[in-house]
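Those protein sequences? They're chains A and B, same order as listed. At position 74 of the first sequence (counting the first as 1) the number is 74 in this note's numbering, and the numbers step up by one without a gap. At position 59 of the second sequence (counting the first as 1) the number is 59 in this note's numbering, and the numbers step up by one without a gap.
Note that these hints are calculated values from the structure, not bench results. Heads up, a few of these hints could be off.
Here are the computed lysine-lysine pairs in the BS3-like style, where the Cα-Cα straight-line distance is at most 27 Å [claimed, not checked]:
1) A/Lys197 x A/Lys119
2) A/Lys157 x A/Lys65
3) B/Lys83 x B/Lys22
4) B/Lys48 x A/Lys157
5) A/Lys114 x B/Lys27
6) B/Lys23 x B/Lys87
7) A/Lys197 x B/Lys22
8) B/Lys22 x A/Lys26
9) A/Lys26 x B/Lys23
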Amino acid sequence: MSAQATAHHGDESPKQLWSGGASPFKVGYGKVMMWYFLISDTFTFASFLIAYAALRFAQSTNWPKPSEVFASIPVHGLDHLNLPLVFVSFMTFLLIVSSWTMVRAVQEGYRMNKDGVVKFLIPTILCGIAFLGCQYLEWTHLISEGMTPTTVAHTTKVQNFGQLFFVITGFHGMHVLGGVVLNIWLAVAAANGRFDKVGHYEMVEKIGLYWHFVDLVWVYVFLCFYLL
Amino acid sequence: MNFDEPVQGHLHWTVEEYNDSKKEVMKTIIILSVVTIAEVGIAIAYDKLVGDGGGGKMIINMIMAIASIIKVYFIMGTFMHLKHEKKWFIITVFAPFSFLIWAIIAFSVEGAYWETMRGWINLF
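Please build the complete structure, drawing on both the sequences and the hints.
Next comes the structure, spelled out in structure tokens:
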């Protein structure tokens with residue numbers, strides 16, 4: 001097993017890998033730790049969403065309807081149309097597409113194809129930035145309607161709705177921003193041939209895991225705020 | 001920090017593995033798009049056709065929850081490659097989440113109780 005493991009790194013003693021001579025679960029240390037970080041992050045988001053559930057059940061008769069709060073497209077010229085959910089569906093679509101381009105970059109990495117990795121990381125970064133831009137439009141629109149963490153708009157009868165919305169989508173947006181920064185670093189490092197020198201593209205997969213996690217969290221944020 | 005430590009794992013794919021994975025991912029992205037469009041479609045249709053105070057909201061919510069679980073299954077399984085990891089690694093990832101099941105039940109019940117309590121307070 002260890003002979004196989006060190007096939008690409010002939011000069012290492014077999015003891016090294018995780019200092020016990022093997023990688024538990026047959027994956028790299030960094031990848032396992034990225035997974036365990038994501039588990040802890042899941043608990044952070046879960047705490048927020050469970051708080052949302054408790055506060056919503058506590059005010060279930062007054063809780064605002066998503067189709068009223070998010071009734072319009074927050075783009076100048078389109079904001080008078082009554083098209084609930086269309087804009088946020090577009091945002092969801094952006095994240096799904098970026099997840100797909102990310103997984104394509106990981107696959108190209110497995111083939112040691114430097115140009116392929118960079119080619120698929122660029123649309124991933126652009127989708128992430130577009131998502132943040134959409135969130136900016138959505139937030140400014142809602143704030144202009146009077147919905148902030150401390151004030152209530154005519155569509156949101158409940159104070160907690162604005163508080164939870166801005167905290168949870170803000171925390172998710174911070175994760176997207178972090179992912180965009182990591183992806184930019186990754187694209188530059190890959191373009192400079194860093195991973196060709198290292199001999200593998202595991203870093204693309206590790207950052208990819210984080211990026212998919214951001215998409216995963218959005219599934220639940222989308223569910224709680226827009227669909228239920 | 002050393003990002004470039006030697007790793008054990010399957011980091012170099014053959015052309016067949018690459019092509020299989022590409023096909024699997026293509027299938028997954030189509031499923032995810034269809035499920036998302038269906039979710040939004042159902043939400044809008046319910047709103048336009050049934051609207052406020054109509055029945056069946058519980059069923060709609062159940063459909064949405066199941067659709068989300070389907071999406072999570074495909075994102076974690078295929079995109080995050082978890083389906084192809086070792087069984088015990090999958091278990092170490094999922095075991096902690098079992099705590100959340102009770103947390104969700106407990107806090108939902110607690111929240112509903114707060115509302116009941118508020119109703120009682122308003123009586124006096």
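Going through the hints against the structure:
1. A/Lys197 x A/Lys119: At roughly 19 Å apart (the allowed maximum being 27 Å), A/Lys119 and A/Lys197 satisfy the hint.
2. A/Lys157 x A/Lys65: Holds. A/Lys157 to A/Lys65 sits at ~10 Å (cutoff 27 Å).
3. B/Lys83 x B/Lys22: holds (15 Å)
4. B/Lys48 x A/Lys157: Holds - the C-alpha atoms of A/Lys157 and B/Lys48 are around 21 Å apart, at most 27 Å.
5. A/Lys114 x B/Lys27: holds (25 Å)
6. B/Lys23 x B/Lys87: The hint holds at about 23 Å.
7. A/Lys197 x B/Lys22: holds (26 Å)
8. B/Lys22 x A/Lys26: Holds: B/Lys22 and A/Lys26 sit about 23 Å apart, inside 27 Å.
9. A/Lys26 x B/Lys23: holds (25 Å)
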